[in-house]
Each structure stands twice: as C-alpha cells, then as structure tokens.
Amino acid sequence: MGTNNLSKKTAQCTFAQRSLNLDATPNTGTPITSLDLDLTVACNLRCTYCFKEKWNEHMEEQVAFDALVWLLYASGPFTDLRVNFMGGEPLIRFNQIKRIVPFGKRRAWQMGKRIHFGMTTNGTLITDKVVEFCKTWDIGFHTSIDGIPEIQDRNRPMASGQGSARLVEKAVPKILEYRPNTAARCTVVPGSAGSIVKNYRYFQSLGYTNIVFGVADAKSWSKESLAVLEHQYSELGDIVINGYRHDRFIRVHEIDAAIEGVVQNKRPQHLCGAGRGMALVDIHGDIWPCHRWNKVSEQTWCIGNIYKQFDEMARAELDCSCQTELLEEDCEHCVANKVCGGGCPAENLEETGKVYRRHANSCECARIFARVGQRVHDVLYGEQNSLFLEKFYNKAKMAPDDKAVV
Amino acid sequence: MNFESLKSRLQHFDPIFLSVAESKALRILEKSARVACDVVPNADEEQTVKRVNSLLSTAWDSDCQPPIWLSIHLLCEATALDGIGRALVTLAEFLGPAKSKIIIHFDQASADWSAVYALAKTLRETFDRSREIVGIELIAPFGEFHPAEMEVFFDAGVRIRFAAGWTKGCTPDQLTPVDAGVLRRFSELGFRTPIEWYVHAGNVQAFDEQIPQLLIENYASGFSLPLVSQNPYYQFGPGFPELPDAVDYCQLLARSYKQYPYYDDVLSPLTGLSLLVRQGGWHSKLNISTGINLILDAEGRVGLYRQSPALAQTWTTISEVATTPSDILRNRFLEFAGNVWRWEKVPYCNKCSWRYICGGLDASVLPAKEMDTMCGHRKLFLEHFAMLRAPDCVIGQ
Chain P
1 MGTNNLSKKT AQCTFAQRSL NLDATPNTGT PITSLDLDLT VACNLRCTYC
51 FKEKWNEHME EQVAFDALVW LLYASGPFTD LRVNFMGGEP LIRFNQIKRI
101 VPFGKRRAWQ MGKRIHFGMT TNGTLITDKV VEFCKTWDIG FHTSIDGIPE
151 IQDRNRPMAS GQGSARLVEK AVPKILEYRP NTAARCTVVP GSAGSIVKNY
201 RYFQSLGYTN IVFGVADAKS WSKESLAVLE HQYSELGDIV INGYRHDRFI
251 RVHEIDAAIE GVVQNKRPQH LCGAGRGMAL VDIHGDIWPC HRWNKVSEQT
301 WCIGNIYKQF DEMARAELDC SCQTELLEED CEHCVANKVC GGGCPAENLE
351 ETGKVYRRHA NSCECARIFA RVGQRVHDVL YGEQNSLFLE KFYNKAKMAP
401 DDKAVV
Chain H
407 MNFESLKSRL QHFDPIFLSV AESKALRILE KSARVACDVV PNADEEQTVK
457 RVNSLLSTAW DSDCQPPIWL SIHLLCEATA LDGIGRALVT LAEFLGPAKS
507 KIIIHFDQAS ADWSAVYALA KTLRETFDRS REIVGIELIA PFGEFHPAEM
557 EVFFDAGVRI RFAAGWTKGC TPDQLTPVDA GVLRRFSELG FRTPIEWYVH
607 AGNVQAFDEQ IPQLLIENYA SGFSLPLVSQ NPYYQFGPGF PELPDAVDYC
657 QLLARSYKQY PYYDDVLSPL TGLSLLVRQG GWHSKLNIST GINLILDAEG
707 RVGLYRQSPA LAQTWTTISE VATTPSDILR NRFLEFAGNV WRWEKVPYCN
757 KCSWRYICGG LDASVLPAKE MDTMCGHRKL FLEHFAMLRA PDCVIGQ
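Protein sequence lines correspond, in order, to chains P and H.
Residue numbering for the first sequence follows my numbering, starting at 1 and increasing by one per position.
Residue numbering for the second sequence follows my numbering, starting at 407 and increasing by one per position.
So that you can see chain H by itself, here it is in the shape it has in the complex (with noise of 0.2 Å):
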C-alpha cells in the first residue's frame, strides 16, 4: 500500500492523516473527528479508498451529530442587570439538547454572594434541564467563606473554581494571592475547588512553586491552566500581561499532564480537546463548532467567541435575548455564528487540518507570537489525543 497515493485520493475530504507508529498504519480521522479508521500497510488500496470514502462522506452528513457545550461566561456585574435570570435560562436552552454551563467571574476576593445566590437559585428553579446538563460555576480569586452561604451553593448544584495567576487589576509582575484558608474550608465543606491558574509570560515558574501547596489545600481537587487570554477581564495591549511562550505554554501543560493525570478530568484546556476528538468538533448540520463560548458583560452585551473573550464579536444584548422566543434566536445565533465564524475572516486557521475539530481561534488582528501560543498547545493536544483514540474500524486486517 503507498500511503501518499492513498492519501491524496482522499484529500477532498480534508483529513487529517496520522501516523500510528506501533503497528505501521495510516490513522484517517475525519476532519471533524467523527470517525477514525486505521489503515495497515498490507491493506489494498481500492478496497481501502471505497470504504474510507464511505465512512467519512457518511460520517459528516449524519444524522448523528456531536454534542454542542454551550459555555455561558458571565461577569459578576452582569448579574444585577434587569432580566438577567431570564436571558440565563433563555440561553442555557435556546440551542436545545446542547450543554449548557452557566459561568460566573468575580474580579474581586469579595462579592455579594446573596445576589448571586438568588440568581443561581432563580436559575436552578426555572431550568427544565438537570444539574448534570446545566452547570452553574463560579470564578472567583476567593477572600473570604461563608459557610451557610456556600452550603446553599452547594445544594444549588453550584461548582467552585478558584481564580488564580492573574486577576483583574494585577499587574503582569504580580500574582494573585490565594487565601489558603479560604480554599481550604471550601473544600472541606466539600466542593472539589480546582485551582483556575491563568496562565501569562510571567507567572510559569510561580505555578511549579506554588501547586503541591495548593493542592493539599483543596484535597487533591485538581487545577486548570487556561490562557490568560482566557480571563473576561483580559484585554491585549498594555498594562496586561503578555501571553507566554507557544513552547513553554505546551511544556507546563504536557508537564502537568503527566505529572498529575488524576486531575485530567478538569485540566482546561485539556479536558476540552481530548472531548472535541473523542465527539467530534462540527456540528455539520447547524454548521457551527462543538465548543460556543458566550460571553455577558457589564452593559448587558451578549458576545460570541472562540478563544478569547476580549475578542469576541458582540452578537445581542441581555434585554432582547430575555424578550426573544427560543426559536427565533436560535435562527439568529446560527445566522450570526455562521456569518463571523467563517474560515476566510481568520487567515490563521483558514489552511489548517485541524479546524473543524479545533474550532479555530478568534479573528484579529493580533501579532503572530500570541497566535501561535493560542494554536500551538491546541494541535500538539489534539493529535495526541487523537492518537490516544482507538479507531472506529482497522482496513486490511
């Protein structure tokens, strides 16, 4: 079998084509990562063509589409705004069976939890969804712990991230204190409390430091290590830290990946990748990614966005989503989606194999060096997650 031959009779499928050193084949992952077959080298080539030209053409076109995960990211000043509670829930199902993680970022060690306890009350009362499909997470750089509070949280369903790195208002020299205390009562009172590391240029050797230390104060709840770009309230340009490295970005993670693999289940941005190549990146009949981040702002703006929340593409606002039917949104968000999603607005990712399981990055006009920090760590997980996955079927065995 030549490989090369093979490879280029099925290049209008846009595949991605990996090598499985162990047994000499040819992976073929659909470009959504719906399917994935292995092809042996004694395979025969027509035979081979035939049946991969069937499973990726049947693939894309099924009716059997991935999962979409809607992530709801909203600043903790939004959850004043009038109709908040409405547009949660609007949101939260408007794009039927996906699912929906409500996402709340505090700037501050401080908050009132009151506001935001009815709001998740609210929320949890009036979705028609379990807990398990609807997720309710608060972000916060924790200062102080109310324990009958936090109970009602708890049995609210709501999780805990504590925000760590970088926060708004440091600058890119400083790192946000952990109140160890704090974290600790967290999670003795039995919030599994994961540390929300933002990552930047400046804070990688901090996070080597101070991690075993965290991680006896949550009991072994685990870390994140997002980009820092990641941050609502992280904007390019100055007085914001810089993004890291691409190289050294890919080395922390790949580090803590082996280092603690207990903690893969809620290791961002990891758990989200190895979950796109497992499921598949595209919804192919809604023609959207798998991964929709919104973002709700201070003045009630509704934002879409792949990567980076400071670069999201404002789509509506709170009060017309909380106003509008289901239905009617819908055809608008996949009108909007598809129109600033489109490959050609980001020539970064326009050529790239791995797009319509990556989801891509978001369109700007940002210097190369951070284009390549957000992409690099994206490829280098998803292919070996890919190789990770065992195929769908084996040609030629």
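Bound conformation, chain P alone (with noise of 0.2 Å):
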C-alpha cells in the first residue's frame, strides 16, 4: 500500500527530469545540520517492533548524492555537519555508501565544511571490508541489538525466520575494536523488560560500555509491565553505583541522561533535533522531521522534497523556540521534569495523534528513569564518588558551596 501511495506521490516527476532544488532549502529558521538518509526500506531483519513501512524499494544513487548537497546548502553558515544512513538495513546498499561518503567528505572539503558519517545498522552484515572501509572514513555506528540471544531471536527474526543473535554476535568484536564506544540500541517492549539486567550484563560481555535501553510502542504497557521496568531499572541503578565504586564507567543511556538533568537542574526546552537542525530524506527525495516520520498517514508532516520545495509551514510546529512549553501535560511537578524533554516527538503523534502531548505510558516510563537516576546521583554523590563528579561535574572533588540544588 504504501509503494502504491508514495510512488503515485512522484510519478508526476520522474527520475529524468529530476533537478536538485536548491531553493528547497530553509530560509527562514533553524539550518540543518544533521541528516537521516535512507538508502533503502528494505531489511534483512524482520522486527516484531519496526515502526517502517516496509518493501523492496531503494534510494536511487542520484537521490543519494543530490541529498548529500541539499544538506551542504540546507546547513547555511554551518560547517560541522552529520549524515546518518538509516534504513531499512543500510548496508544492503553498501556498495552506494562506498560511493557517497567519499563523496560526501570531499564536496564538503571543496565547500569549506565537513560531513561526519554513521550508520545505525542490525550488525547482521558487519563483515571486515565494512569495518576497514569505516575505518578509513571514520564512520560511526549505532547497532539496533536487542540483548541475549532468545530476546534478540525472538524480537529481531531474519526475513527467513532465523535468529540473528549469531551474527550479530560475530560483528560486534569488530565493531568495537574499531569503535569501542559504539551505542548498543536496545529497545525494550514489554515481553523483555524482565530482562534488562540480563541484557545490560550480556552487552556489559560483548564489550559495549554505552547502551541505550529504548521503551517502545508505549500503548503496549500495562501497570504490571511498568512494575516490572522499574525493578529491572531500580536494579540497574544499584550496578551502575557499583560499577563507579569500583572504578567502571558504563554509559546507560536513560539513567545518564537522568542524572545529567538532575546536575543542569533546568527543564529542557526541546525533544529533539527532529525537524529543527535534524531532518530525513526518504528514497525518494522527500524531507521529513526524522528517520521516524516518513509513513503515508503522515504525509502532512513530510516538510518538502530536495526536488521540489522546502515547506517552512510544515515544519513550524517542530521548529520552535521552546517545545517543552508547548506540551499539553501538566509537567511543572513531575519527578521527571528536569530530565524529559516531552518524548520522541514523532511517538507521540503515533500514539496520541499530537506531537506535544505524550502517552500515560511513556510519561510513567520517563518518571521511572528519572527516579532511578536521581537515587544513583544522590548516592554517589553523597559519596564524593570522584568518577562520578568527573564524569557529571568535570571536578573530582565538590567544594561543599559548589553543590548542585538537588
């Protein structure tokens, strides 16, 4: 349905007659500066979660490199600029990422600026000739990873129906000799939130010190489901707290992000990047917020075509001084107040219909988080834990004046 749909969308302008519009570029408000690209919505994973509509369609190459442009004009004064190949699986279309980043890197050379590449990958298709040509072009990663081999089996089947933990475990070495600070990405529904100590500890032996525990598909949580995600998170703190008495810094994502919000003490003023300085371009051309905003129910946020236009007006909503101020919960006494930025804005259009108003759900997720990070905060704190202040304070030691109000 959807090829039908998006492909009627450009029949109107072919491939031939395709010319990059670089008056489809913003005018007015926010550059941007960092681009989701998806090369492909085909995968050889099938996610019993992905949010993707999926068939067997790619980014034709052109579209690839005039994207690569669009944002070299797109970013304005700006020079330090990021692409992120999404997907789909980007490395099905490896062989085209081995033509657009050398390309990327050196049109932006010519133009003064520079691009830095990374690719969110399932890890299935990690083989060496990727890692080295990573290497040579300093790409980064993010791997979509969903823990211990029954979890990820069960939740990231092959096309064929096969697990993918074998693999995956087989790429990742790889993956973080060459990047050994490369995100594990796990999303947690709740069949495996039981298991988020399990998972944290079986990354902990892959070798990843920085993993991002994702809640997904928020509708799908129940008050058990929750009670369950805060025993597993509460437990996870106390290994955090651990890990720093004895020296051992691991980046979880959500507790960090917490305790980082505890330490600024000031309630974030947006979400995201998503359609401000982030956007994506789709296989076709079409500029959306972000890599998770490209489905035909949502064709009134797609925010322009590198080909056509770029639409302000679409994009005005996101593109805001102040997002947190625009949420329709009542956030002033919430525990997660100064950590939650009001959620992936692109989730809650898709679970309440409105990008400023968040599920019941996530919120309770975000108070869990923010709990769970303000215990590990308050302990080492208290302790003076000198790699805590390092990591959260930049000192090593807090002069008893300099506390934060927390």
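Just so you know, these hints were derived from the structure itself, not from any lab.
Note that CB positions come from ideal geometry on N, CA and C, so glycine has one too.
Wrong hints could be hidden among the right ones.
[What the hints assert, rightly or not] Over 10 Å on every C-beta distance to chain P, these chain H residues come out as not near it, computed from the model: (1) F423; (2) T496; (3) E594; (4) L621; (5) I622; (6) Y663; (7) L692; (8) E705; (9) R707; (10) T720; (11) A728; (12) I734; (13) F791; (14) C799.
[As the list claims (entries may be wrong)] Not everything, but these chain P residues come out facing chain H in the computed CB check (under 7 Å): (15) S19; (16) L20; (17) L22; (18) C47; (19) Y49; (20) V69; (21) Y73; (22) P102; (23) R106; (24) R107; (25) Q110.
Now that you have both chains on their own, put them together as the hints suggest.
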C-alpha cells in the first residue's frame, strides 16, 4: 500500500526530469545540520516492533548524492554536519555507501565544510571489508541489538525466520575493536522488560560500554509490565552505582540523561532535533523531520522534497524556540521535569495523535528513569565518588558551596 | 544638506557617490572601496566634510591594506618546461602575503595527466603555505576520467573546472562539446566541478539551453561565465569568436545571478567583483591592483594582464623567475607593473571613477565595442555590490 501511494506522489516527477532544487532549503528557522538518509527501506530482519513501512525499494544513487549536496546548502553557515545512514538496513546498500561517503566528504571539503558519517545498523551484515571502509572514512556505528540471544532471536528474526543473534555476536567485536564507544541500542517492549539486567550484563560481556534502552510501543505497556520495568531499572541503578565504586564506567543512556538533568537542574527546552536541525531524506527525496516520520499516514508532516520545495510552514510546529512549553501535560510537578523534554515527537504523534502530547505510559517510563537517575546521583554524590564527579560535574571533588541544588 | 555641494567639496578624493534609495542617503565609497559611509539628508555639511575627509584620507594611507589575489595562469604546454615548478613556487610566494592560485589551462580533452600530477605534487610539497592560500586549479574540456589519478589530484588539493562554451580550435559557431559522463564522474568522485562557460557572441542562447542539464550532471557544482577573451588560448581577430554585446552579457550575468543565487561563490566574474568591493581594489602601498593575473605561455614567457591574456605584456621568463631571488623579483615586478599599468596608457579607464576598484582594462587598440563589453558588466556589478555592502559608518544619525 505504501509503495503505491508514494509512487503516485512522485510519479509526476520522473527521475530523468529531477533536478536538485537548491531553493528547497530553509530560508528561515534553523538550518539543517544533521541528516538521516534512508538508503533503502529493505531490511534483512523482521523486527516485531519495527515502525518502518517496508517494501523492496532503494534510494537511487542520484538521490543520495543530491541529498548530500542539499545538506551542504540547507546547513547555511554551519560547517560541521552529520549524516546518518538509516533504512531498512543501510548495509544492504554498502556498494552505494562506498560511493557516496567519499563524494560527501570531498564535496564538503571543497565547500569549506565537514560531514561526519554514521549508520544505524542491525549488525548482521558487518564484515571486515565494511569495517575497513568505515575506518578509512571515519564512519561511526549505532548498533540495534536487543540483548541475550533468546530475546534477540525472538524480537529481531531474519526475514527467513531464523534468529539473528549468532550473526550479531560475530559482528560486535569487529565494531567495538574499531569504535569502542559504539552504542548498543536495545529496544524494550513489555515482553523483554524483565530481562533488562540480563541484557545489560550480556552487552557488557560483548564489550559494550555505551548502552541505550529505548522503550517502545507505549500503548502495549500495562501496570504490571511497568512495575517490572521499574524493578529492573532499579536493579540496573544498583549495578551502575557499584560500577562507579569500582571505577568502572558504562554509559546507560537513560540513567545518565536523568543524572545530567539533575545536575543541570533546568527543564530541557526541546524534545529532540527533529524538524529543527535534523531531517530525513527518504528514498524519493522527500524531506521529513526525522527517520521515524515517513509514513503515508503522516503526509502532513512531510516538509518538502529536495527536488521541489522546502515547506517552512510544515515544520514550523517543530522548529520553535521552546518545545516543552507546548506540551499538553502538566509537567511542572513531575519528577521527570528536569530530564524529560517531552519524549519522541514522532512516537507521541503515533500514540496520541499529537506531537506535544505524551502517552501516559511514556510519561510513567520517564518518571521511572528519573527516579532511578536521581537515586544514582544522590548516592554517588553523597559519597563524593570521584569518577562520578568527573563525569557529571567535571571535577574530582566538590567544595561544599559548589553543591548543586538537587 | 546639499549633496551636490558636499560632492564638490570631496571631489579631490575621487570617491564614488551612490544614492541609497531606501534611506535617501548619499553613499560615499572611497575610491578603492576601502571605506563606505552613508550620509543622511539631515546631516550637517561641515561636520560631514570633516568626518569624511578624515575617513577617506586615513583609508587610502592605512597600514592595513587589502589582500592581493594573484592568479598565475599556465598553458598546459608550459607544464613541461624546465624550471617550471621552481618558477611557480617563486611566483606564488614572491608578493608576500598574497593569496595565490595556480590555474592550468588545457586546450584539449585529453592530456598527459601524469606530468600534471607530478607538477601538482611537487608544488604542494614545496609550498610553505597552506592549500587554502595557494590553490591549484585545472581548467579543461575533460574528455576522459582516470579515477586513480584524479583521486591523487584531489588529495593534492587540486580543484577542477570544466571548460565549455569555447575552447581552442573551435570555430566561432562551434560549441565545445561537454562529455556529460566524464563531468558526472568527476563530480561523483567529490570534485566540485563548476562549468567554465566562455561566453562569446554566438553561445549565449546555448548556455541557457544547456545549463540546467549540466547542473544535474555536475551535482549542482555551479558555473562561471567568463568572457571568451579570458581564455588564454583566445586571440582578438579573425577565426576567433566575437565578444558578446555588452548589454547581452550583462543580461546573461544578471539573469544567471538571480536564477542561481547559490552558485555565487564560483560565478566568475561576479565573485571577483564582489571581493573587490568588499575588500578593496587597490593596494596603495604597492600601487597595484589587488587582482593580479600572470600568464605563463608555452615559450616560457611570463606576461602580466588585467582582463585578457591575449593583451598580456611580457614581463619576464620562467627561467629568470626560477633563478632570481624573491625580493629582487618583487621589486622588478612592482616597477614593471607601475609602468605598464599607468592609467594614461588606457584612455578608456583613465577618467573612470571605478578604476581603483575595478583594476581597469588592458591597454589595447581594440574597438570601443569590445572595450564596452569588457567594462560594462564590471561597472554594473561593482555598483550593485557597492550598494549591497553595509556602510562602515552612517553620518548624521
């Protein structure tokens, strides 16, 4: 269904007639400095919670080249730019990546700019050649991996139905050897909530030092599963505290973000960069606020096309100076007030029909992270743990007067 | 405030007076564009004269001089001459802090790229200064693409321009064919490959027709629209195309500038003109224009010109450059330039108020029509850029 609709949409603009429109860049508002590029919508996995509408279509090479040139202009005076290959699984298009990365890096250099490339990959197609290429061109990774083999195989099966854990386990050491700080991005659904601690230990055993637990599918969480989540997170908090006591730092994104919120002690102004400094160009050259946002049902959020126009009005709702002021929830007295920027706007849209309204379960998850983060902070701060202070306060010991208001 | 009276009292500075429509102010541009100030209608005349006097005299004599942009053009035949590498290094650096660019022109679609690469590599290894200050550029109607060599070129900081419109050997009614496949491959490697469309009387329409497709092939790398007389293989005379009409050329530039504003950083001649207005067109301490063009030909001669290599005045030779210490060469150059660039030698420019910004035309006996074409667009766009420039001060506010 998606294929047909999107094909219809671009039918009046055949490839041969397409000419990059450099007027289709922001005139007002925030220049685009970070671009997600959907090289393909095809994927070799069939993750149970995947939000992408899938069909077998790739981005034509010309569109990829043009998208990079578009970014160079859409970024205005900014010179440090980021491009993240998304999909589908971007490594299905490794041959294309091998052509467009040198193009982007060199072209940027000739225009006095720099592009840093990265990719979000499921890891199953990582080979020595891929790693070698990434080393040469300084490409970063973000690995989507759900944890212990049992969960990985259940949630992220191959298209054939077989498990993917074995392939991922083979790839991870290659990735971490090259880029030790690569994040493991673990999607947590109610069915896997009880395994967070196990997964954490599994990631640790693979060598990861940077872990992101992303809660998905807010609607499907129940009171009971949220209680399990809190219990697991609480235990994870203890592990993190213990790690600091033994001078071991493993980044757990949600806990660290909560601690940072406590330290900064002020409400974040934005949910994320979607539609502001960040955009996605999909396989047709359509521009969207981010990679979560290119569904047929979300057409009103399409903010243009690199061959046609850039729609300032369509992104105006996202490109504002303070997004958190627009949230419909009463956040003033929420325990997550200093941590939560309002969640992922694309998820909000999907779950509540509005970008500035969170699902109640998403709010509860944010509160869980905030509570755990606060506890970890208070314990380690109270102990004046030097590694902790160095990470979050950028000093080894705090003088009594310097103590943050917590 | 009587602006006419003010103008007459400031005339000894040879400034340029422009009217700012929006504010009804009078813009006073120092004769080399070092300073721009706006005088509002209700300003006091005496105080204004005093202030402008101070500004303009200080600007011209200032120790802070505008940068010199030195373009060293080289015919491809000269790349094989003995001592060429040494000579280029000396020339790129002999004027001190000048921003230098070495531009190698090719008249054919294919060439011995390995020799050019060897030269580029030697130059890059020998320069004391960075590739941002000393650039190397190839301009050719490329008909072939060798990925390995071109990657090495890229790594040596070489830039590419794709010659089109007219190249050596084309008759006035012939267009240089652009090999779209080669253009695309250069661009896909990562080179920004602007089309260098040499404009003459017979190819203006062809440009309009071809450029949309060429911009697809070169991945929006942009284009330049130099006059055909800026091609070093061009001669004024039979067998060569005529320059376009001055108005046609101005219209082409204005049209392209408006339609493709994002390429203004490569759109020669407009980029150069905008720099002159922003940074100043005359180095008063050295008494030379801030835009200097040298041309090294196949016989090893080094010529100096303002707008057209065909009208270059021979200054020295490559072998002499290669063997002369920089400071001596510099003094000889300043003496030579001071002599050949005396305004009396170019009656066309001698009374022009823009000459210290524009740099002027070359001395020649060309008909007025040709001179008008070479001059008209310069004045038009210098004035445009002068109006775009933010004033350094507003008097009377």
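Hint check results:
1. With a least CB separation of 33 Å from chain P, F423 (chain H) remains clear of the 10 Å interface cut-off, as annotated.
2. With a minimum CB-CB distance of about 27 Å to chain P, T496 (chain H) clears the 10 Å threshold, and the non-interface call stands.
3. Here E594 (chain H) does not stay apart from chain P, with its beta-carbon only about 6 Å from theirs, under the 10 Å limit.
4. A beta-carbon of chain P comes within 10 Å of the beta-carbon of L621 (chain H); the shortest separation is about 7 Å.
5. Not every CB of chain P lies more than 10 Å from the CB of I622 (chain H), the least distance being 5 Å, so the non-interface label is violated.
6. Residue placement check: Y663 (chain H) keeps its beta carbon more than 10 Å from all beta carbons of chain P (closest about 14 Å).
7. Even its closest Cβ contact with chain P, about 29 Å, leaves L692 (chain H) beyond 10 Å, as expected for a residue assigned away from the interface.
8. With 10 Å as the threshold on Cβ separation, the claim that E705 (chain H) sits away from chain P holds: the shortest Cβ distance comes to roughly 34 Å.
9. The non-interface label for R707 (chain H) is consistent with chain P: the shortest C-beta to C-beta separation is roughly 32 Å, beyond 10 Å.
10. Annotated as non-interface, T720 (chain H) keeps its C-beta farther than 10 Å from every C-beta of chain P; the closest such distance is 34 Å.
11. Distance check for A728 (chain H) against chain P: the nearest CB is about 31 Å away, which clears 10 Å, and the non-interface claim stands.
12. Every CB of chain P is more than 10 Å from the CB of I734 (chain H) (nearest about 36 Å), matching its label as outside the interface.
13. Every C-beta of chain P lies more than 10 Å from that of F791 (chain H), the closest at about 20 Å, which supports listing it as non-interface.
14. The Cβ of C799 (chain H) lies farther than 10 Å from every Cβ of chain P, with a closest approach of about 25 Å, so its non-interface assignment holds.
15. About 5 Å separates the beta-carbon of S19 (chain P) from the nearest beta-carbon of chain H, less than 7 Å, and the hint is met.
16. A distance limit of 7 Å between C-beta atoms decides the matter here; for L20 (chain P) the minimum to chain H is near 5 Å, and the interface restraint holds.
17. Against a cut-off of 7 Å between C-beta atoms, the interface hint on L22 (chain P) holds, since the closest Cβ of chain H lies about 4 Å away.
18. Interface hint status for C47 (chain P): violated, as the beta-carbon distance to the closest one in chain H is roughly 33 Å, over 7 Å.
19. At a threshold of 7 Å, the smallest CB-CB gap from Y49 (chain P) to chain H is about 37 Å, leaving the interface hint violated.
20. Checking V69 (chain P) against chain H: minimum C-beta separation of about 5 Å stays under 7 Å; hint holds.
21. About 6 Å separates the beta-carbon of Y73 (chain P) from the nearest beta-carbon of chain H, less than 7 Å, and the hint is met.
22. Hint status for P102 (chain P): holds, given a least beta-carbon distance of 6 Å to chain H, under 7 Å.
23. With its C-beta approaching chain H no nearer than about 2 Å, R106 (chain P) sits inside the 7 Å limit, and its interface hint holds.
24. A distance limit of 7 Å between C-beta atoms decides the matter here; for R107 (chain P) the minimum to chain H is near 5 Å, and the interface restraint holds.
25. With its C-beta approaching chain H no nearer than about 4 Å, Q110 (chain P) sits inside the 7 Å limit, and its interface hint holds.
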